[in-house]
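First to last, the protein sequences are chains A and B. Quick note: the first sequence, position 265, residue 265 per the working numbering, numbers continuous. Quick note: the second sequence, position 103, residue 103 per the working numbering, numbers continuous.
No lab work stands behind these hints, which were simulated from the structure alone. Any given hint might turn out to be false.
Unchecked claim - Lysine to aspartate or glutamate pairs mimicking DMTMM-like chemistry, simulated, CA-CA at most 25 Å apart:
{"#": "1", "chain 1": "B", "residue 1": "18", "chain 2": "A", "residue 2": "196"}
{"#": "2", "chain 1": "B", "residue 1": "18", "chain 2": "A", "residue 2": "220"}
{"#": "3", "chain 1": "B", "residue 1": "32", "chain 2": "B", "residue 2": "121"}
{"#": "4", "chain 1": "A", "residue 1": "63", "chain 2": "A", "residue 2": "158"}
{"#": "5", "chain 1": "B", "residue 1": "130", "chain 2": "A", "residue 2": "220"}
{"#": "6", "chain 1": "A", "residue 1": "63", "chain 2": "A", "residue 2": "149"}
{"#": "7", "chain 1": "B", "residue 1": "21", "chain 2": "B", "residue 2": "37"}
{"#": "8", "chain 1": "A", "residue 1": "63", "chain 2": "A", "residue 2": "159"}
{"#": "9", "chain 1": "A", "residue 1": "138", "chain 2": "B", "residue 2": "45"}
{"#": "10", "chain 1": "A", "residue 1": "264", "chain 2": "A", "residue 2": "103"}
{"#": "11", "chain 1": "B", "residue 1": "32", "chain 2": "B", "residue 2": "7"}
{"#": "12", "chain 1": "B", "residue 1": "32", "chain 2": "B", "residue 2": "110"}
As the list claims (entries may be wrong) - Selected chain B positions facing chain A (Cβ under 7 Å, derived; list incomplete):
{"#": "13", "residue": "33"}
{"#": "14", "residue": "65"}
{"#": "15", "residue": "69"}
{"#": "16", "residue": "70"}
{"#": "17", "residue": "72"}
{"#": "18", "residue": "73"}
{"#": "19", "residue": "75"}
{"#": "20", "residue": "101"}
{"#": "21", "residue": "140"}
{"#": "22", "residue": "142"}
{"#": "23", "residue": "150"}
{"#": "24", "residue": "151"}
{"#": "25", "residue": "153"}
Note that CB positions come from ideal geometry on N, CA and C, so glycine has one too.
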Amino acid sequence: MSAADPMLPRVARVRRRRRDGPDVWTLDVDPPEGFTYTPGQFNMLTAFGVGEAPISMSGDCAKTGRLIHTIRAVGAVSSALTRLGPGDAVGVRGPFGVGWPMEVAAGHDVVVVAGGLGLAPVRPALYRLLTERSRYGKVALLYGTRRPEEILFRAELEEWRRRLDIQIEVTVDHAIGDWYGNVGVATTLIPRARFDPVNTIAIVCGPEIMMRFASVALRDAGVAPGSIYLSMERSMKCAIGFCGHCQFGPVFVCKDGPVFPYEKISRLLSMREI
Amino acid sequence: MEIEGLERIISEHPFFAKMEKSFLDIVVGCAKNVRFEAGQYLFHEGEGADQFYLVRHGRLALQITSPGRGALTFQTLGEGEIVGISWLIPPYRWAYDAKALELTRAIAMDAACLRGKCEADHDLGYDMMKRFMPVLIQRLQAMRMQILDVYGTHA
C-alpha cells in the first residue's frame, strides 16, 4: 500500500476501455506514480460523484505502466465505472489485501479454478505462472461460466491453449447452437485436470457457491485444505480493516484477505449468519 | 477373443474399477463395442432406454430440444464417463438426446440383460447400485448448481 493517506484516492486517467462481455468492461488506466501490486490484490476505484467500489486488478503485475481492472456493471458505482472512457478521471486507492500465494506455489503443481468474472482476479496469477513457468510444476486453468457468449478473455484463453505447458479447460453451464466445447459446471473439470494432488496449490475464484463446491471437489481429489486458496468477496468500504463492513467472522476480508486458505475459512463458509 | 477384449476394456473403465471378477464375467455378457461418428445420435428423447454406454474415447452432448431455440446442451461427457441413467427405472425411456460431438467409441451395455442379471443376483445388483449412486448424486449436484445460475448478477 502507498505511504500516502490510504483513505485518499489518487486521481488516474483511463487510457482505454474494452468490452469483454455482455455487461463486462475492462479499463486500462494510467497507474498513479510508483504503483505496484501483487496478483490477487484489489483497488478501491472511485467513479467521482457516484461512489467507490472494490475491484481486483486483472492485468499483469510485471507491466507496471498499466493498471487493468475488469468490471461487471451490476450496481450504480460499477455501472458508472464501466462507462468511463479514455481521458476520464478515476479515483484509485490501493493496492489492498493479501493476494494469491505465488511464492508458496513455487515448486508445486498449480490448479486454477475460476468461475464467471472470477477469471479476472486470477489473471494476474496466470500471467505470473506463465512468465515464470519454470518455477512451477504442472499448471492447469479450469474455467466455467454461464454460456459461451460470456467467456471472459476468450482470445487470450485460446492463445494460452496453444501453449504446450499449460492445460486449459473451459466449460459453460448451458449452450445452444454451434458450441462444441464442454457443458457442465466448473467442478466437473477437476477430475480432468492433470496434477499431483499431494503437491498442488489450488487457486479458486468465483461466486461463493461455486468456490464451496470447487473446494470440496479439490479435497475429494486429494488436495489438502491448507493448499486450497479462495478469494472472498464481501462489502469492502474502507479497505484497511477499520470500518468492519467486510468482517467475515474473526477476519476482515479487505485486510486479512481477500485471499484465504480454505482451511482458515471453511467453517465460516457454511454459516448463514455471516 | 472378443469377450476377453471386452472384459479387459470394461475392467479398465473407471465406472467398473475394482469390480469382482465373478461380477465382471456376468457384466461382459451384456456388453458390446459400439462406435458413433461425429453428429450421430446415440439415442433420442422418448425412445426406449434399452442400453447405457461406457465412453472409451470421444465426446458427446446431452441435449433437450426446445421449439424455437434448437438443441440446448446441458451436459457434455467424455472418456471414462457413462451415458444413460434412464435404463435403471421404469418406464425405461430416454428423457433427452445424446449426440456424438466427435468420433466416439463406447461399450454399450444391454439394459434388459443387465437388469435381469441384477434381479437374479442381488449382490451384483447392489454392486451396480453403489457404482451408479455416486454418478447420480454428482450429476444431481451439478444440475443444482446450473439451476442456481451462480454466475448471474444476483450471485
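We went through each hint and held it up to the structure:
A distance of roughly 22 Å separates the Cα atoms of residue 18/B and residue 196/A; the hinted pair therefore holds under the 25 Å criterion. Distance check on the hinted pair: residue 18/B and residue 220/A sit about 19 Å apart at the alpha-carbon level, within 25 Å; holds. Straight-line distance between C-alpha atoms of residue 32/B and residue 121/B comes to about 21 Å, which keeps the hinted pair within the 25 Å bound. At roughly 22 Å between alpha-carbon atoms, residue 63/A and residue 158/A fall within 25 Å of each other, so this suggested pair holds.
Proposed proximity of residue 130/B and residue 220/A is supported: the alpha carbons are some 17 Å apart, at most 25 Å. A threshold of 25 Å between alpha carbons decides the hint, and for residue 63/A with residue 149/A the separation of about 29 Å lies outside it, so the pair is violated. Between residue 21/B and residue 37/B, the direct Cα distance comes to roughly 32 Å. Violation of the 25 Å bound is thereby established for this hinted pair. Note on residue 63/A and residue 159/A: the hinted pairing holds, with a Cα-Cα distance of about 19 Å set against a maximum of 25 Å.
Under the criterion of a C-alpha separation no larger than 25 Å, the hint pairing residue 138/A with residue 45/B is inconsistent with the structure, at around 41 Å. A hinted pair counts as satisfied when its Cα atoms are at most 25 Å apart, and residue 264/A with residue 103/A qualifies at roughly 19 Å. At roughly 10 Å between alpha-carbon atoms, residue 32/B and residue 7/B fall within 25 Å of each other, so this suggested pair holds. For a cut-off of 25 Å, the pair hint linking residue 32/B to residue 110/B stands: about 8 Å separates their Cα positions.
Using the Cβ-Cβ criterion of 7 Å, the hint placing residue 33/B at the interface with chain A is not satisfied: the shortest such distance is roughly 24 Å. At about 10 Å, the closest approach between the beta carbon of residue 65/B and any beta carbon in chain A exceeds 7 Å, and the interface hint on this residue is violated. At about 6 Å, the closest approach between the beta carbon of residue 69/B and any beta carbon in chain A falls short of 7 Å, and the interface hint on this residue holds. The restraint placing residue 70/B at the interface with chain A holds, with a minimum CB-CB distance near 6 Å, inside the 7 Å limit.
Taken as an interface hint, residue 72/B checks out: its beta carbon lies about 5 Å from the nearest beta carbon of chain A, inside 7 Å. Taking 7 Å as the C-beta contact cut-off toward chain A, the hint placing residue 73/B at the interface holds, the least distance being around 4 Å. A least Cβ separation of about 5 Å between residue 75/B and chain A falls short of the 7 Å threshold, and the interface hint therefore holds. The criterion of a C-beta within 7 Å of any C-beta in chain A is met by residue 101/B, whose closest approach is roughly 5 Å, and the hint holds.
Taking 7 Å as the C-beta cut-off, the interface hint given for residue 140/B is violated, the closest approach to chain A being about 12 Å. Nearest Cβ of chain A to the Cβ of residue 142/B: about 5 Å, under the 7 Å cut. The hint holds. For residue 150/B, the interface hint holds, the least distance from its beta-carbon to any beta-carbon of chain A being 4 Å, beneath 7 Å. Here the hint on residue 151/B is kept, as its CB sits about 4 Å from the closest CB of chain A, short of 7 Å.
Hint on residue 153/B holds. Least Cβ distance to chain A is approximately 5 Å, under the 7 Å limit.
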